[in-house]
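Novice: Chain by chain, the residues run as shown.
2 protein chains.
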Amino acid sequence: MTQSAAIADLDETEQKRRSEADRPSSLVEHFGTDAPLNLDSGKQLAPWQIAYTTAGTLNADKSNAVLVCHALTGDQYVTSSNPVTGKPGWWSMMVGPGKPVDTDRFFVICANVLGGCLGTTGPASINPETGKPYALSLPIITIADIVRSQAALVDRLGIETLFAVVGGSMGGMQVLEWAASYPDRVFAAVPIAAGARHSSQNIAFHEVGRQAVMADPDWCGGNYLVEGKNPKKGLAVARMAAHITYMSGQSLHAKFGRNLQDREQLTFGFEADFQIESYLRHQGMSFVDRFDANSYLYVTRAMDYFDIAGRHGGVLARAFKGTKTRFCVVSFTTDWLFPTAESKMVVHALSAAGANVSFVEIDSPRGHDAFLLDEPELFATIRGFLSGAARARGIPGPAESEAA
Amino acid sequence: MTQSAAIADLDETEQKRRSEADRPSSLVEHFGTDAPLNLDSGKQLAPWQIAYTTAGTLNADKSNAVLVCHALTGDQYVTSSNPVTGKPGWWSMMVGPGKPVDTDRFFVICANVLGGCLGTTGPASINPETGKPYALSLPIITIADIVRSQAALVDRLGIETLFAVVGGSMGGMQVLEWAASYPDRVFAAVPIAAGARHSSQNIAFHEVGRQAVMADPDWCGGNYLVEGKNPKKGLAVARMAAHITYMSGQSLHAKFGRNLQDREQLTFGFEADFQIESYLRHQGMSFVDRFDANSYLYVTRAMDYFDIAGRHGGVLARAFKGTKTRFCVVSFTTDWLFPTAESKMVVHALSAAGANVSFVEIDSPRGHDAFLLDEPELFATIRGFLSGAARARGIPGPAESEAA
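If you're matching them up, the sequences are chains R and S in order. Residue numbering for the first sequence is 1 to 404, as defined by the UniProt record's numbering. Residue numbering for the second sequence is 1 to 404, as defined by the UniProt record's numbering.
Just to be clear, a hint being listed does not mean it is correct.
Repeated chains share a single entry, so a pair holds when one copy, or any two copies, can fit it.
To be verified - In the DSBU-like style, the derived pairs of lysine-lysine whose C-alpha atoms are separated by at most 35 Å in a straight line are:
{"id": "1", "residue 1": "K255", "residue 2": "K344"}
{"id": "2", "residue 1": "K132", "residue 2": "K99"}
{"id": "3", "residue 1": "K324", "residue 2": "K16"}
{"id": "4", "residue 1": "K255", "residue 2": "K62"}
{"id": "5", "residue 1": "K43", "residue 2": "K99"}
{"id": "6", "residue 1": "K62", "residue 2": "K324"}
{"id": "7", "residue 1": "K99", "residue 2": "K87"}
{"id": "8", "residue 1": "K62", "residue 2": "K229"}
{"id": "9", "residue 1": "K132", "residue 2": "K255"}
{"id": "10", "residue 1": "K43", "residue 2": "K62"}
Since the hints were derived computationally from the structure, they do not count as laboratory data.
Produce the complete structure using the sequences and hints provided.
Specialist: Right, here's the structure in full:
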């Protein structure tokens with residue numbers, strides 16, 4: 001079956017998503033064979049492209065740019081509506097006019113990660129050598145590769161030093177990688193609900209997800225796009241398992257407990273008797289329409305490979321030695337995917353490196369996902385930290401800039 | 001394909017396991033159509049059978065019987081070698097001559113659970129009405145059903161009151177169910193690493209496992225046995241996800257960390273670079289040979305449905321009102337599947353019910369699985385509690401019984 005014939009069989013959301021992989025609705029920067037991206041694997045990627053959105057206005061001295069880094073299944077649509085799902089930007093509460101990351105004051109950039117599926121080069125992109133999707137012929141991507149691609153974008157935009165790099169979860173990993181790899185280009189760094197490495201337990205959960213995808217015969221050894229298939233069941237199982245890790249036991253208990261779904265009594269069957277089952281199945285099914293299975297493999301692998309200290313003789317502080325970046329490290333009390341201990345490890349390393357670092361552990365029952373939710377203490381923390389850093393960098397406040 | 005033709009294609013371990021489903025190597029009690037088992041679903045099971053082992057000697061007044069209840073994927077081979085895997089009994093460290101559950105003193109009974117796959121009636125058993133395996137035509141089983149089947153076995157053995165019921169995890173659920181349903185037949189109860197209900201998070205993990213099994217096309221809507229298939233990939237993924245929950249983040253970190261498997265460097269691929277990946281894959285693959293996929297669905301469902309308080313107007317203490325059973329409740333500090341809070345809920349309810357209860361939280365880094373491992377404090381706790389209870393019941397110690 002040809003790829004276009006196969007696409008004709010897909011539902012609208014999936015069709016839209018597949019077309020976004022190469023021709024995104026957002027802005028996109030193309031890099032030709034003269035500007036290859038050097039990858040940690042030793043391979044090069046060329047041509048390649050990076051899809052991104054911006055919000056706010058870059059000031060004259062280009063000192064007010066904030067790079068927002070997205071998490072595992074996020075995208076560049078941080079404040080604007082996602083063209084596939086039609087949903088509002090994933091961090092609309094955090095980023096926008098008057099919001100903690102204030103687009104009246106800052107110029108916000110958010111790029112789809114390398115290996116992703118919404119316009120930046122990834123396994124669903126067309127491999128120029130074959131005219132077919134890369135699938136597993138795409139080299140393995142690392143967090144450092146993702147950051148290198150973002151640096152190339154920032155270069156294109158003519159920005160020397162980012163005012164801030166902000167992100168949660170895998171976004172927080174990128175923040176730390178930016179600070180470690182480009183210390184002179186990051187004025188302020190905000191890693192939220194993240195760590196400087198992926199733990200054994202986290203690798204384990206990712207491996208379960210990958211095995212679930214690969215166990216699905218519709219995965220076709222990675223070639224489902226040309227085969228006109230989609231490993232929906234496997235990817236849904238992967239998402240369900242991952243989703244549990246994004247919530248705390250406490251929040252699952254508070255939200256669902258043992259409540260039954262649309263029924264008075266147990267059915268004595270394998271239907272979704274419990275609300276939590278129904279909720280998880282929905283999470284799994286809605287995910288597969290908006291995300292590419294191979295991207296899931298690549299991006300989870302990027303997280304697994306992340307270990308900043310590993311590149312510095314096991315001493316995390318060495319990665320940040322002499323840094324002038326100011327840090328605000330944030331964790332949540334009930335986050336068991338990136339528990340406070342992982343953030344504290346970062347804080348201790350930064351302190352040992354002599355960095356300017358503040359640390360906030362936010363009391364929230366909502367687990368890892370708290371960073372995406374309505375958490376007033378998080379908003380206040382980010383707003384306060386960025387305002388202070390902006391004053392230190394001489395970026396005028398919104399009122400001042402209007403007056404100017 | 002006929003079932004026997006299909007079986008000819010299976011490897012030896014799997015063949016052995018399938019034959020154990022109806023004709024176990026262990027002892028087995030058969031119940032005919034005159035002795036149906038009443039199930040919580042309102043259905044009846046007849047004929048049915050229960051497979052079990054015993055160790056030690058029942059004393060003259062039948063006062064020294066200890067029922068050991070196994071966990072989700074356990075079996076009746078608590079001290080003797082498993083006929084499928086050839087491995088030693090799963091609780092050989094706990095049960096045996098001179099061990100904490102001392103078979104020189106006690107008569108130990110351990111039965112395969114209803115819904116299981118090693119000889120007690122389960123979905124792999126032949127449905128007498130069709131001559132084919134039950135598969136999904138077996139009614140849903142509950143923990144109370146499992147306990148009811150054990151009570152029928154204990155009746156057959158002519159034992160009025162069990163000296164003790166002991167078990168960990170799902171075994172601990174059975175212990176609590178015994179104490180709640182047959183208070184006069186349980187002298188002492190030892191629920192370890194368990195709770196009186198299955199939490200929302202635990203139901204969630206089970207649902208992921210079930211979806212992984214059902215997503216495997218070789219599951220064949222449950223009819224894989226007659227189709228000559230085995231949903232190995234799906235069941236392996238289910239086991240992998242579950243296995244993570246049996247260990248603590250701490251123990252995964254200590255055991256595997258980010259260590260690489262048989263290599264010096266990352267391979268930049270999807271092979272099992274990390275030891276934890278290799279370990280999990282092994283856990284998944286070795287599980288599918290020894291366990292039936294439909295049994296996995298049924299037994300996880302039994303755990304999900306478990307909620308003693310739910311049957312007593314939401315008040316757990318009511319389930320144990322006036323009980324004369326003495327309890328020893330045990331939890332482990334790093335068990336996040338059945339955290340100490342769940343055990344404490346049981347302890348509070350028992351105290352409110354006026355029960356004789358002791359509670360021990362054991363400091364162990366090993367998570368939920370600690371109950372199966374070499375944990376001296378656990379052994380000392382069980383030994384001490386059972387010795388005291390035995391004295392209270394007038395069961396002679398091993399030396400005294402030899403002298404007698």
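Novice: Give a verdict on every hint.
Specialist: So, going through the hints one by one against the coordinates:
1. K255 x K344: Both ways: K255 and K344 sit 29 Å apart in one copy and 22 Å across, limit 35 Å.
2. K132 x K99: Close neither inside one copy (42 Å) nor across copies (64 Å); limit 35 Å.
3. K324 x K16: For K324 and K16, neither the intra-copy (43 Å) nor the inter-copy (66 Å) Cα distance is at most 35 Å.
4. K255 x K62: neither (45 Å within a copy, 48 Å between copies)
5. K43 x K99: Close neither inside one copy (40 Å) nor across copies (59 Å); limit 35 Å.
6. K62 x K324: The answer is within: 19 Å in one copy meets 35 Å, while 77 Å across copies does not.
7. K99 x K87: For K99 and K87, only the intra-copy Cα distance (19 Å) is at most 35 Å; the inter-copy one is 61 Å.
8. K62 x K229: neither (46 Å within a copy, 63 Å between copies)
9. K132 x K255: neither (44 Å within a copy, 42 Å between copies)
10. K43 x K62: within (33 Å within a copy, 74 Å between copies)
The structure is inconsistent with the numbered hints 2, 3, 4, 5, 8 and 9, although it conforms to all the rest.
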